[in-house]
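Engineer: Based on the sequences and whatever the hints tell you, model everything.
Protein chains in written order, with our numbering: chain A, 1 to 892; chain B, 1001 to 1892.
For the record, the hints were derived by calculation from the structure and aren't laboratory data.
Don't take each hint at face value.
List of simulated lysine-lysine pairs, DSSO-like, C-alpha gap at most 30 Å [what the hints assert, rightly or not]: (1) B:Lys1653 to A:Lys653; (2) A:Lys824 to B:Lys1764; (3) B:Lys1489 to A:Lys653; (4) B:Lys1764 to B:Lys1799; (5) A:Lys764 to B:Lys1853; (6) A:Lys604 to A:Lys653; (7) A:Lys764 to A:Lys701; (8) A:Lys391 to B:Lys1582.
There are 2 protein chains.
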Amino acid sequence: MKPIYFFEEGSGTNRQLLGGKGAGLCEMTQMGLPVPPGFVITTEACRQYYASDRKVPASLLEHVKNSISKLEKKTGKTWGSRNNPLLVSVRSGAAISMPGMMDTILNLGLNDESVDGLAISSGNRHFAWDSYRRLIQLFAKVVFGIDGQLFEDAIEAAKRANKVTLDSELGDSTLKQLVGTFKEIFAKQTKREFPTNASEQLELAITAVFDSWMGERAVIYREKNGITPDIADGTAINVVTMVFGNRGGNSATGVVFTRNPGTGLKHMFGEYLVNAQGEDIVAGARTPKQISVMRKEMPKMYAKLEATCKQLESNFKEPQDIEFTIDDGNFYLLQTRNAKMNAAAMVKTSIDMVSEGLIGREDAIRRIDAHNLEQLLHRTIDSSATRSATKVTTGIGASPGAAHGVAVFDVARATSMGESGTSVILIRDETRPEDVPAFFASAGILTSRGGKTSHAAVVARGMGKPCIVGASNLKIHADSRTATSESVKIREGDMLTLDGNTGIVYADQLKTNAPKMTRDFKTILGWARAIKKTGVRANADTPDAARLAREFGAEGIGLCRTERMFNESDRIGLFVDMIMAKTTEKRKEILAKLETLQRNDFTKILRAMEGRPVTIRLLDPPLHEFLPNRAEFSERLAKLAKIKATKKLEQEKEVQRRALELAEVNPMMGHRGVRVGITFPEIYEMQIRAVFEAAISLSKKKVRAMPQIMVPQVGSVAEFMFMRNIYDRIREEMSKKHKSNISIAFGTMIEVVRAALVSDKLAKAAEFFSFGTNDLTQATFSFSREDVESKFLPEYMAKDLIETNPFQSIDVSGVGALMQISTKAARAAKSNIEVGICGEHGGDPSSIAFCHKIGINYVSASPHRIPIAIVAGAQAALGPAKPRTSKKKRGA
Amino acid sequence: MKPIYFFEEGSGTNRQLLGGKGAGLCEMTQMGLPVPPGFVITTEACRQYYASDRKVPASLLEHVKNSISKLEKKTGKTWGSRNNPLLVSVRSGAAISMPGMMDTILNLGLNDESVDGLAISSGNRHFAWDSYRRLIQLFAKVVFGIDGQLFEDAIEAAKRANKVTLDSELGDSTLKQLVGTFKEIFAKQTKREFPTNASEQLELAITAVFDSWMGERAVIYREKNGITPDIADGTAINVVTMVFGNRGGNSATGVVFTRNPGTGLKHMFGEYLVNAQGEDIVAGARTPKQISVMRKEMPKMYAKLEATCKQLESNFKEPQDIEFTIDDGNFYLLQTRNAKMNAAAMVKTSIDMVSEGLIGREDAIRRIDAHNLEQLLHRTIDSSATRSATKVTTGIGASPGAAHGVAVFDVARATSMGESGTSVILIRDETRPEDVPAFFASAGILTSRGGKTSHAAVVARGMGKPCIVGASNLKIHADSRTATSESVKIREGDMLTLDGNTGIVYADQLKTNAPKMTRDFKTILGWARAIKKTGVRANADTPDAARLAREFGAEGIGLCRTERMFNESDRIGLFVDMIMAKTTEKRKEILAKLETLQRNDFTKILRAMEGRPVTIRLLDPPLHEFLPNRAEFSERLAKLAKIKATKKLEQEKEVQRRALELAEVNPMMGHRGVRVGITFPEIYEMQIRAVFEAAISLSKKKVRAMPQIMVPQVGSVAEFMFMRNIYDRIREEMSKKHKSNISIAFGTMIEVVRAALVSDKLAKAAEFFSFGTNDLTQATFSFSREDVESKFLPEYMAKDLIETNPFQSIDVSGVGALMQISTKAARAAKSNIEVGICGEHGGDPSSIAFCHKIGINYVSASPHRIPIAIVAGAQAALGPAKPRTSKKKRGA
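Structural biologist: Laid out in structure tokens, this is it:
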């Protein structure tokens, strides 16, 4: 085991061993870039430290000693001596950067002797003593955890005594006195003297860095973020020869992105300060200058910086985020890492780097964080606006995008105000199908209950409207048209802004930015489409959604929910009548009317998706979902009871009785989907006939309609065959009636666990499968999403009992195993069976990768996630990039 | 294909080809018993008939013709002739008997000529003409479906004209006239002459039998009962030479069981009639005599019958149910089949037949219908009592046994009346944990809502109390202490009798019979225990239940539910306080009190099961189940609101708020089991500690306590490990505190689908698995049992969409597949892991057979089903008997 690598030795790709920072320093050194000499103590050494019960092994100290000697030779300086002293900085650096790790200590190696040496070699006593007092201050704070205020107070006292206002105005001798005072504070607080031996300083610093790896903040962060030892195991330590940006007017320090991380434009983006150290840029006491100013102020250095950026990009094939220091006219690089950037910049830089020949199209696709692409399709709150904004409350961001509008607490009012042009935010405890017209009229929806699959969430997502649900701290008083959060009271008419991405509700109207479907974005999608193997369809229930999906690149509709169509104001009444019908005849009569409406719906959506498949799902929810809410009804009844009984009251009571009859203990697992289709076959018959009629009438108009019909909640072959027989009969009737031989595929959802387990037999009877991963996940975990997301799931995530929310990313070991069992059995029974997925996972990159892996034919996602699905599909098809090669394999 | 077998040719074991009746006739003939000559037209011929579009193939007619010729030779009679005419009966007979099949036609072959021949050969003109008019009447009714009343009216008219009152008083010439009238009726109704050609009669009869196979009633019966073609495919036809029990005082007809089917006692049991035909016994115009009377009345024939019974039993190794006819002193057997008997008789005859050397112990076990054994452990309603009883309503029989008592509609009253010695039937819409004390005090429980896993059902079953749930036609008005069913109004205090087996509620007190755990029954159980491989444990929560289970043969407790213990009146209050606790400290304080109580509970049950394992399940239900029902609470609140606010009201409101906070949309898939254990670890800690303390204190008293601790609702390894860490810590603490090294196995339920899918990893961490097949079935089907059993499951069963109720018998393709996946993975990871099942399927014979097949170590069932489990376990271990051998392989 080699515990230490000099920068010229370590492999620039071995972040696991050298940490991210260390690997970067090695790479840059080996590229010939000006990095101050230094070395990395490996993560292996860190693990060794813990294996030795938190003792730095003697062998490591020996290695450190030898490495310092080597550094002395390289630099011509001497460790801890008056004679041109060697000073170093010590920085932690794990494979993944995380909070809670030890801050950098500068100027290590200074003591009562070498401070003089520094004064001599720099010709600047003030600088030398200021560096020394900084060391003591930092060392006390970082290594021993002493309250920094004690030192600040001492400085203040010195300034008062000397009647100056700025630190820099303190004279050499005052600084010297301050060093004395600092040492006293140190001794008092730590019950020991400040270590003036340079090697002792270094050993203490090393111990502190290693210890910070197991500090509470770092441990919790790793647990929360699933950073397991295979990702990062221990921290490395970077020991770097000090260079000084604060040595006068020919010195400076700065941070720079090689390209603009907000726009992706190809120009350096950053700040610098003349005569300053790194921390001064962040501290804010002096305002840094834009990097572009440097071109005039320090033209030579600017040119050097520009050349360096180019060299770095050409090496790392990624825009970089770097730290540099100019020490008396000498340019040094202190850090480089891949620049974090927003989705727009990611897209722009991908396109640019391809045209510059820096990377190929495949890598251009690979480097994009598909998740973030959704940003580009929704309005976003301008980041500048959030800082000073008042937060009203926080819920679950259930449908992304930003929206502002006036608070309205009832559906009728929201509809009328919205339709008359006011931007409205609808606020409810929860929503129900009959509220859907108000969704159309509102700019955004906010509820105090429910999770990401609550009615509000699903409907809003389908419409692409910003929505926040489960804001449980918001107490809504619909009667008085107010709501109260932790601190704020909202009245009807108050202006609010919703951030559907973060779930934050702001007071007032914040500045928002419009979405951009740029030419670059379209180019990237084009490349991705050419690469991906998995089909991408949309979950869309309306012609508008279908058109939007098509614009974003959908190759069809994978899930068209028919129940939504019943919620529009012209038909919800009819639907309720249908449920209330006392005889099959009465029900059929009403269904005939609904059939006309459904045929129109289907005609419109099939036309909008002409030439592409449209998978129509038969009615899924339990019937009682269409009846008024029981609790609301009881309240109303209580009020009505005071007045004389009327015929209307009697009617309402009857509806309520029926609702009670249909009510279920666990509606998620109750009388719904195909089970309703079996007990009331006339409903499914009506829907199937409507699809045929729509498709046939379109085909007679030479419009290429491609519907597929899908049965939800199937758990057994017998259930599917029951529906299949009805379908076969209707197809026969249609073919006779219209002399048409239109073929409409008939398939099943796989969302009941049992369906996955009997897929061999189901596949023989069905033309296609579509995984309903929302329900499948609920059933596999026995998690009711509405309950768990608001109750214990957050605690599970916090306690690391679950890695990722299984409703966002497919749970590979459980749900994924079922999908594999099912797909394998289905393909064995019918090799060409079409298998898709239409749960919300269809828009999640890691789920898409899994689907690609097990050979799913297509994913279906909400329109705004289509671009994500396309890029993620391409990434899955590409697989990971070949690792960047480095001359150094592991080290020497 | 040989379409016809004479009785001396056909194989007695080939019921598929020859039908049950035909095979029996062949077997008896070949045993040398006196069966009238005859032949069987095979089920193959029936299938051929359908394959030929319902035409009797000419080849078959040819075969029939030849067979009749053969019969003429055998009997010396002539077909359709004056000269000693050959007459036959025609009977249908499939492999399985079913309703809707054609009735027997007697006297076929009679016509205007042969009737004279019969008169001559019998020397009885009256008999001959009476036989002829019977043929026409039966033929018209059975083959052509003509209303029988037309013929009855003609007979009545003849009797009036002749001024007689009995059919038998009609003279020869009147009967001859009647034959003429009957022919006219026949011709008028059918638009054709009555066929006087014997072969034409036979052909028409054959067609009618074949047609009846596809008759509506038969088809529906087969669909409902899952009789698929591999079980029975087509019907055979038996053509038998007529013999006559109505030829005078030396003739008779009768039906006899070789042993008493009600008691199993070894004596002939049946009835006979002198000078009568078979149908007269059933018709009820004359009262048949007990078969014992025959010993004096016809001693020779009685001896012949007795010898025949013995010979049949020794051949079939089963008590038989036979039909015989004595024709002028000649004894004939017309049918034999295995006797149907009740559980007591089944047990008694098994024991007797073994001691008689007729069968071995293995076959004695095999022949028992394990399902029925439960009859022997519960009171049953005397069958004589139900006939005249008034049915109040019918619900779901959720816990077997019979109980009577006075109707009581509230819990407090039921408790006080029950405790003061009145037999009480508790009637509620549904029950909740706080009602449990009333269960103890009641003789039976009746609810209008819920299914077989509703609270009432599960609790009652655990206590062995008769219970009927989901009696949805019963409208309960708790306020006025009445309930109304379809027809009856029940008032508090009305006497009712519940039949927990059938779900029927009767008015008044019906006679019931006490259970019998006879010596014979114990002997059978002893034999079964020696044979079975699968262990049998009990689901028991109380020391009483444990003792009962032990008495019935349980080898341990496979499921001890700890939540039940919180429902007793001395602790439910504490438990509610615990839920209401605002801080962890307060909660811990209350838990400390509960811990003392739990330790006592555990001590008692472990002591009752000394030396045998007791698997204790940690708290399973969601916390809100312990709080008052929301709807009830609202009502109460509404009443209370009228009076002045009190502190009590405020407290109740707070409880209600908490209940609302904890309420769930789908409680079945919500915050329960291990999920509660994770969010409130102090609850599980308390329970684990209580188990350790109880076991250690017992072991110090030299009582061999063998607890196991089981975690419910586990879906992931992380969840289990979270609890395992707590368990390990407590074990450590206990071992230090008590210097005890007691080992308590720590395992997991497998009731969440995901757990079954990650069993390889779970098995590494758990010492045992126990399948919770109730929940696993719900999750696999996405069926909420409470909802589906009362809503669509009956319709599913009726429409043949599901073969058996998956909550009663394990669904092999779905749930069974998961169990196999899980068991296989678990054993691969840890070969000696103990795998049990503690769902209600543990008491179901076919589920036990499946468990045996996949190598489950034990099943756990409610105490009253332990004997079923033992016998079913033995049957599974034995496998099917070797088929009875027959000299004739297939036919000739």
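Engineer: A separate judgement is required for each hint: does it hold in the structure or not?
Structural biologist: Hint check:
1. B:Lys1653 to A:Lys653: Holds: Lys1653 (chain B) and Lys653 (chain A) sit about 27 Å apart, inside 30 Å.
2. A:Lys824 to B:Lys1764: Holds, because 27 Å separates the two Cα atoms, which is no more than 30 Å.
3. B:Lys1489 to A:Lys653: 24 Å, holds
4. B:Lys1764 to B:Lys1799: 44 Å, violated
5. A:Lys764 to B:Lys1853: Holds: Lys764 (chain A) and Lys1853 (chain B) sit about 28 Å apart, inside 30 Å.
6. A:Lys604 to A:Lys653: 37 Å, violated
7. A:Lys764 to A:Lys701: 34 Å, violated
8. A:Lys391 to B:Lys1582: 28 Å, holds
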